[in-house]
Amino acid sequence: MDIIGNIYSREAAEQKTETFRVQEFLLDASYFDNYNQTNRENFLKMQVKNANIDKLAAIPNGSRVKVFFTIEGRFYDKEDGTKGHAQNLSAFNFEVIKLAENKPATPAAPAPQETDF
Numbered sequence: 001m002d003i004i005g006n007i008y009s010r011e012a013a014e015q016k017t018e019t020f021r022v023q024e025f026l027l028d029a030s031y032f033d034n035y036n037q038t039n040r041e042n043f044l045k046m047q048v049k050n051a052n053i054d055k056l057a058a059i060p061n062g063s064r065v066k067v068f069f070t071i072e073g074r075f076y077d078k079e080d081g082t083k084g085h086a087q088n089l090s091a092f093n094f095e096v097i098k099l100a101e102n103k104p105a106t107p108a109a110p111a112p113q114e115t116d117f
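With the first letter of the sequence shown counted as 1, position 90 gets the number 90 in the working numbering; the numbers rise by one all the way through.
These aren't lab readings, by the way, just hints derived from the structure by calculation.
Glycine included, C-beta positions come from ideal geometry on N, C-alpha and C.
Hints may contain errors.
Said to hold, decoys possible - Straight line, CA to CA, 30 Å or less: simulated DSS-like cross-link-like pairs of lysine-lysine:
1. Lys-45 with Lys-55
2. Lys-45 with Lys-83
3. Lys-49 with Lys-78
4. Lys-78 with Lys-16
5. Lys-16 with Lys-55
6. Lys-55 with Lys-98
7. Lys-83 with Lys-16
8. Lys-98 with Lys-49
9. Lys-98 with Lys-45
10. Lys-78 with Lys-98
11. Lys-55 with Lys-83
12. Lys-45 with Lys-78
13. Lys-98 with Lys-66
14. Lys-83 with Lys-66
15. Lys-16 with Lys-66
16. Lys-45 with Lys-66
17. Lys-78 with Lys-55
18. Lys-49 with Lys-16
Claimed, not checked - Beta-carbon label-pair distances, calculated as ranges:
19. Gln-37 with Thr-17: 42 to 50 Å
20. Gly-81 with Asn-34: 42 to 50 Å
21. Glu-79 with Tyr-35: 42 to 50 Å
22. Asn-34 with Ala-86: 29 to 37 Å
23. Met-1 with Ala-100: 17 to 25 Å
24. Ile-3 with Glu-79: 16 to 24 Å
25. Tyr-35 with Glu-72: 27 to 35 Å
26. Gly-81 with Phe-32: 19 to 27 Å
27. Lys-66 with Gln-15: 27 to 35 Å
28. Asp-80 with Asn-39: 39 to 47 Å
29. Lys-55 with Thr-82: 21 to 29 Å
30. Val-96 with Thr-70: 30 to 38 Å
Work the whole structure out from these sequences, hints included.
This is the structure:
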């Protein structure tokens, strides 16, 4: 599957086990709904795992990308004995449509000197 959006933000990568790392990020996939003539906010929490973390690291926040991903779901046993369900959107590749512009920081005005008064 794939979806187009802007990289909005990302969390720090977490080392879960010796061989497994994961990093979550938010994709802004907001769109204009032609039927209702309104903007629809749509932020998706996605993740990258292991070597794919480096692919995300190369793309600055704000960049427009096509994200290729899989949907992974599973059941698990809760502490109270009931079943729970977990679902992840796991990105495995990115196609950059437009890189975000890295705007240089505006230099601050110099502090007034005593001789300026």
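Here's how the hints hold up against the structure:
Straight-line distance between C-alpha atoms of Lys-45 and Lys-55 comes to about 17 Å, which keeps the hinted pair within the 30 Å bound. Using a Cα cut-off of 30 Å, the hinted pair Lys-45 and Lys-83 holds, with the two alpha carbons roughly 23 Å apart. Distance hint between Lys-49 and Lys-78 is fulfilled; the C-alpha atoms sit about 24 Å from each other, no more than 30 Å. Distance check on the hinted pair: Lys-78 and Lys-16 sit about 19 Å apart at the alpha-carbon level, within 30 Å; holds.
For the hint pairing Lys-16 with Lys-55, the CA-to-CA distance comes to about 19 Å; that is within 30 Å, so the pair holds. Proximity of Lys-55 to Lys-98 is assessed by CA-CA distance (about 15 Å); at most 30 Å being required, the pair is judged to hold. The hinted pair formed by Lys-83 and Lys-16 meets the criterion: a straight-line CA distance of about 22 Å does not exceed 30 Å. Between the alpha carbons of Lys-98 and Lys-49 the distance comes to roughly 23 Å, so the proposed pair stays at or under 30 Å and holds.
Taking the CA atoms of Lys-98 and Lys-45, the gap is about 21 Å. The hint holds against a cut of 30 Å. Note on Lys-78 and Lys-98: the hinted pairing is violated, with a Cα-Cα distance of about 43 Å set against a maximum of 30 Å. At roughly 34 Å between alpha-carbon atoms, Lys-55 and Lys-83 are farther apart than 30 Å, so this suggested pair is violated. Simply put, Lys-45 and Lys-78 have alpha-carbon atoms about 23 Å apart, close enough for the 30 Å limit, and the pair holds.
With a C-alpha separation of about 10 Å, the suggested pairing of Lys-98 with Lys-66 holds against the 30 Å cut-off. Taken as a hint, the Lys-83 and Lys-66 pair is broken in the structure, with Cα atoms around 34 Å apart against an allowance of 30 Å. A distance of roughly 27 Å separates the Cα atoms of Lys-16 and Lys-66; the hinted pair therefore holds under the 30 Å criterion. For the proposed pair Lys-45 and Lys-66, the alpha carbon gap of about 15 Å is at most 30 Å, so the pair holds.
Between Lys-78 and Lys-55, the direct Cα distance comes to roughly 34 Å. Violation of the 30 Å bound is thereby established for this hinted pair. With a CA separation close to 10 Å, the supplied pair Lys-49 and Lys-16 stays within the 30 Å bound. The given range of 42 to 50 Å is respected by Gln-37 and Thr-17, whose C-beta atoms sit roughly 48 Å from each other. Between Gly-81 and Asn-34 the beta carbon distance is about 47 Å. The supplied range of 42 to 50 Å therefore holds.
Taking the beta carbon of each, Glu-79 and Tyr-35 are about 44 Å apart, inside 42 to 50 Å as hinted. A hinted range of 29 to 37 Å holds for the C-beta pair Asn-34 and Ala-86, which are about 34 Å apart. Evaluation of the 17 to 25 Å hint for Met-1 and Ala-100 yields a pass: the beta carbon distance comes to about 24 Å. Between Ile-3 and Glu-79, the C-beta spacing of about 34 Å breaks the proposed range 16 to 24 Å.
A hinted range of 27 to 35 Å for the beta carbons of Tyr-35 and Glu-72 is consistent with their spacing of about 31 Å. Between Gly-81 and Phe-32 the CB atoms are about 46 Å apart, so this pair departs from the stated range of 19 to 27 Å. Lys-66 and Gln-15 have their C-beta atoms about 28 Å apart, which keeps the hinted 27 to 35 Å range intact. Look at Asp-80 against Asn-39: about 41 Å separates their beta carbons, and that is inside 39 to 47 Å.
Separated by about 37 Å at the C-beta atoms, Lys-55 and Thr-82 break the suggested range of 21 to 29 Å. For Val-96 paired with Thr-70, a C-beta distance near 20 Å fails the hint of 30 to 38 Å.
Going down the numbered hints, you'll see the structure goes against 10, 11, 14, 17, 24, 26, 29, 30, while the others check out.
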